[in-house]
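Model the full structure from these sequences, guided by the hints.
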Amino acid sequence: MLLREYKDLPYSEHYLNIKQQEISEQGFEILESGETFQPIKFFDTGALVWFAKIIEW
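Heads up: the sequence shown is residues 314 to 370, going by my numbering.
Source of the hints: derived by calculation from the structure; they are not laboratory data.
Since the structure is predicted, the reported quantities are computational estimates derived from the model, not experimental observations.
Hints are not guaranteed to be accurate.
What the hints assert, rightly or not - Derived Cβ-Cβ restraints for the label pairs, each shown as a range: (1) Gln333 with Thr358: 37 to 47 Å; (2) Pro352 with Tyr328: 17 to 27 Å; (3) Ile331 with Glu369: 15 to 25 Å; (4) Gly359 with Asn330: 35 to 45 Å; (5) His327 with Ala365: 15 to 25 Å; (6) Gln334 with Ala360: 32 to 42 Å; (7) Gln334 with Lys366: 33 to 43 Å; (8) Val362 with Phe341: 26 to 36 Å.
Stated by the list, open to error - Simulated crosslink set (SDA-like; lysine to any residue; CA at most 20 Å straight-line): (9) Lys366 with Lys332; (10) Lys354 with Glu369; (11) Lys366 with Ile353; (12) Lys354 with Glu342; (13) Lys332 with Thr349; (14) Lys332 with Glu348; (15) Lys354 with Gln339; (16) Lys354 with Ile368; (17) Lys354 with Ile343; (18) Lys332 with Ile343; (19) Lys366 with Glu348; (20) Lys354 with Ala365; (21) Lys332 with Phe355; (22) Lys332 with Asp321; (23) Lys366 with Tyr328; (24) Lys354 with Trp370; (25) Lys354 with Lys366; (26) Lys332 with Glu345; (27) Lys332 with Gly347; (28) Lys354 with Phe364; (29) Lys366 with Pro352; (30) Lys332 with Leu344; (31) Lys332 with Phe350.
Glycine included, every Cβ here is placed at the ideal spot set by N, Cα and C.
Below is the structure:
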């Protein structure tokens, strides 16, 4: 991991296994689950610059 020295990463609780456990503890049964990581494509420099400004680094 690139940010090993940071203990409290932003949104660190937003992982599938953590959310599955929370939902199961509420009495729900999870029939199917999965994660996906979509690639982000930029077709012009302006879009890339805009995205770089709005994301949390």
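How the hints compare with the structure:
no.: 1; hint: Gln333 with Thr358: 37 to 47 Å; in the structure: holds (39 Å)
no.: 2; hint: Pro352 with Tyr328: 17 to 27 Å; in the structure: holds (20 Å)
no.: 3; hint: Ile331 with Glu369: 15 to 25 Å; in the structure: holds (19 Å)
no.: 4; hint: Gly359 with Asn330: 35 to 45 Å; in the structure: holds (37 Å)
no.: 5; hint: His327 with Ala365: 15 to 25 Å; in the structure: holds (21 Å)
no.: 6; hint: Gln334 with Ala360: 32 to 42 Å; in the structure: holds (37 Å)
no.: 7; hint: Gln334 with Lys366: 33 to 43 Å; in the structure: holds (35 Å)
no.: 8; hint: Val362 with Phe341: 26 to 36 Å; in the structure: violated (42 Å)
no.: 9; hint: Lys366 with Lys332; in the structure: violated (29 Å)
no.: 10; hint: Lys354 with Glu369; in the structure: holds (18 Å)
no.: 11; hint: Lys366 with Ile353; in the structure: holds (15 Å)
no.: 12; hint: Lys354 with Glu342; in the structure: violated (36 Å)
no.: 13; hint: Lys332 with Thr349; in the structure: holds (15 Å)
no.: 14; hint: Lys332 with Glu348; in the structure: holds (12 Å)
no.: 15; hint: Lys354 with Gln339; in the structure: violated (38 Å)
no.: 16; hint: Lys354 with Ile368; in the structure: holds (15 Å)
no.: 17; hint: Lys354 with Ile343; in the structure: violated (32 Å)
no.: 18; hint: Lys332 with Ile343; in the structure: holds (11 Å)
no.: 19; hint: Lys366 with Glu348; in the structure: violated (26 Å)
no.: 20; hint: Lys354 with Ala365; in the structure: holds (13 Å)
no.: 21; hint: Lys332 with Phe355; in the structure: violated (31 Å)
no.: 22; hint: Lys332 with Asp321; in the structure: holds (18 Å)
no.: 23; hint: Lys366 with Tyr328; in the structure: violated (24 Å)
no.: 24; hint: Lys354 with Trp370; in the structure: holds (18 Å)
no.: 25; hint: Lys354 with Lys366; in the structure: holds (16 Å)
no.: 26; hint: Lys332 with Glu345; in the structure: holds (13 Å)
no.: 27; hint: Lys332 with Gly347; in the structure: holds (12 Å)
no.: 28; hint: Lys354 with Phe364; in the structure: holds (11 Å)
no.: 29; hint: Lys366 with Pro352; in the structure: holds (18 Å)
no.: 30; hint: Lys332 with Leu344; in the structure: holds (14 Å)
no.: 31; hint: Lys332 with Phe350; in the structure: holds (17 Å)
In summary, the structure is inconsistent with hints 8, 9, 12, 15, 17, 19, 21 and 23 from the numbered list given earlier, while agreeing with the others.
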